[in-house]
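K.L.:
Could you build all of it, start to finish, from the sequences and the hints given here?
All residue numbers for the sequence shown refer to the working numbering, where the first residue is 46 and numbers rise by one.
Hints are computed from structural coordinates only; laboratory data are not their basis.
Please read all numbers here as calculations on a predicted model, not as lab measurements.
Every residue, glycine too, gets a C-beta built ideally from N, C-alpha and C.
Check before you lean on any hint, since a few could be wrong.
[To be verified] Label-pair ranges, simulated between beta-carbon atoms: (1) G113 with D91: 30 to 40 Å; (2) D92 with D67: 27 to 37 Å; (3) K137 with A85: 35 to 45 Å.
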Amino acid sequence: MIAEFESRILALIDDMVEHASDDELFASGYLRGHLTLAVAALEAGDDHSADAVHAEVTRSLEKAILAGELSPRDQSLVLGMWDNLFQQAKAK
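P.N.:
The following block contains the structure:
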C-alpha cells in the first residue's frame with residue numbers, strides 16, 4: 046500500500062515537470078525528498094496507510110519550516126502543493 050501510494054505521488058510530480066514553473070519545480074523536488082524519507086521511516090512501522098504518509102510528510106515539513114529551511118512564500122507553495130498532491134493521489 047505505502048509503495049503504491051508513494052508511486053502515485055511521484056508520478057503526479059513527474060507529470061508536472063513539463064509545464065511547471067521554476068518555483069513549482071523547486072517545490073516538487075523538495076517534496077520528493079521529504080516523501081522519500083517519510084516512506085522509508087514508515088516502512089519500518091506498522092501503519093502503511095495514506096493518512097500515515099500524509100502525517101509523516103507534514104511532520105517533516107513542519108520540522109523543516111521551524112528550522113528555517115523555507116521562506117514564508119516557499120512554505121506556502123510547498124504546503125499547498127503537498128496538500129494538492131496528497132488529495133490527487135488519494136482520489137486515484
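K.L.:
Going through the earlier hints one by one, which of them does the structure break, listed in rising order?
P.N.:
3
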